[in-house]
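Engineer: Start from the sequences and build out the full structure, keeping to the hints where you can.
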Amino acid sequence: MSGLYLSRGLFPHDFLRPTVEFILRTQQESGEIPWFEGGYSDPWDHVEAAMGLSVGGEYEAALKAYRWLVRTQLEDGSWWAGYRGAEVDNGERRETNFVAYFATGVWHHFLITGDRDFLLEMWPTLERAIDFVVALQTRHGDILWAVDANNSAKDDALLTGCSSIYKSLECAHNIAVTLEQSRPRWLAARTGLGAALRHKPERFDRTWESKARYSMDWFYPVLTGVLPKREARARLAGRWDEFVEQDLGCRCVADEPWVTVAETCELVLALLAADNHAQAVQLYSWLQRWRLDDGSYWTGYQFAQDLRWPDEKPTWTAAAILLAADALTEYTPASRLFRQVQLLDFMETDDRWLQPA
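Residue numbers (the working numbering): 3 to 359.
Keep in mind that a hint or two might mislead.
In silico DSS-like links for lysine-lysine, alpha-carbon gap of 25 Å or less [what the hints assert, rightly or not]: (1) Lys213 with Lys202; (2) Lys202 with Lys156; (3) Lys156 with Lys213; (4) Lys231 with Lys202; (5) Lys231 with Lys213.
Restraint ranges, calculated between C-beta atoms of paired labels, are given here [claimed, not checked]: (6) Asp347 with Arg19: 37 to 45 Å; (7) Leu309 with Gln183: 47 to 55 Å; (8) Val90 with Arg200: 17 to 25 Å; (9) Glu77 with Arg19: 33 to 41 Å; (10) Glu258 with Ser184: 43 to 51 Å; (11) Glu123 with Gly87: 20 to 28 Å; (12) Ala190 with Leu122: 21 to 29 Å; (13) Pro186 with Pro14: 37 to 45 Å; (14) Phe17 with Val72: 30 to 38 Å.
Rather than coming from a laboratory, the hints here were simulated on the basis of the structure.
Bear in mind that the values here come from a model prediction, so they are computed numbers and not experimental data.
A virtual CB, placed ideally from N, CA and C, is assigned to each residue, including glycine.
Structural biologist: Set out below in structure tokens:
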């Protein structure tokens, strides 16, 4: 189809309803949301898919997804890297950004529903998860990316992963404030992490090849609010031509002819965070060519070989489409989550967040 140009206040309900239903069909009875039918799930992408359900008004299904995480959480507050039904699919490691993203999803759902009972139900799980993540922060401010099956920390940090954690700590703090639970250590961890992300590049990719060729390392510090607006705009402009393929989308890596739908949607959010609304609208308009009749979307497109590749239609890609549409149209109260940074304090009311759909 031709480009879909979204405007504030005009969320395309009918057009995106099949995308919501695609996620619903893939969700298991347990609440787990695998990448695709018969596939595995991981905690980060499971939460992303649940957020898509919340945007689509499927609150009970989203609640089931979060309750699945409550039931599968390990005693130390973490989750394994992959699951397939009731079985652990990847028991080699537990990744800190996967664990922290639970807070982002929970806060996102609360912003849409205003359901304080939901926050109360999720609080014990969230507290254990964030404590697990914060315990892996080094004295330099970075947060180690994972622990292995023997509970040994992997001594390196990911720029994208730590940027995601930075947003998750914002959300965890806001949940704590909303529930009148003081957790100053979480806020201090966020401050230290932000300083490392902004001023200590040597703390990332210390034991492996630099991941600067990945587009997520380029735009995630913007998407998650690590950088102030002026620096954010300069960062996006500086490597735009390396990563963005005109009329197609955002490359996954700079040196491969492969654009991906989810990364393009996340770049849309980063552009909105940097106040580049017109550019975000245009970028999103390119994505509908990757949509299927059932409302799902291909992972991406290898334009040198003219192939939709890989042959997958992930739930988290569908969710990214919904989250970007929400942010562009300002449809739900959660549409602001990735467009701005906002830290509540105990002297403020959180009523400004609460505009239930």
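Engineer: With reference to the structure, classify each hint as holding or not holding.
Structural biologist: Taking the hints in turn, this is what the structure says about them:
| no. | hint | in the structure |
| --- | --- | --- |
| 1 | Lys213 with Lys202 | holds, 15 Å |
| 2 | Lys202 with Lys156 | holds, 19 Å |
| 3 | Lys156 with Lys213 | holds, 17 Å |
| 4 | Lys231 with Lys202 | holds, 20 Å |
| 5 | Lys231 with Lys213 | holds, 24 Å |
| 6 | Asp347 with Arg19: 37 to 45 Å | holds, 39 Å |
| 7 | Leu309 with Gln183: 47 to 55 Å | holds, 50 Å |
| 8 | Val90 with Arg200: 17 to 25 Å | violated, 36 Å |
| 9 | Glu77 with Arg19: 33 to 41 Å | holds, 40 Å |
| 10 | Glu258 with Ser184: 43 to 51 Å | holds, 47 Å |
| 11 | Glu123 with Gly87: 20 to 28 Å | holds, 24 Å |
| 12 | Ala190 with Leu122: 21 to 29 Å | holds, 25 Å |
| 13 | Pro186 with Pro14: 37 to 45 Å | holds, 42 Å |
| 14 | Phe17 with Val72: 30 to 38 Å | holds, 33 Å |
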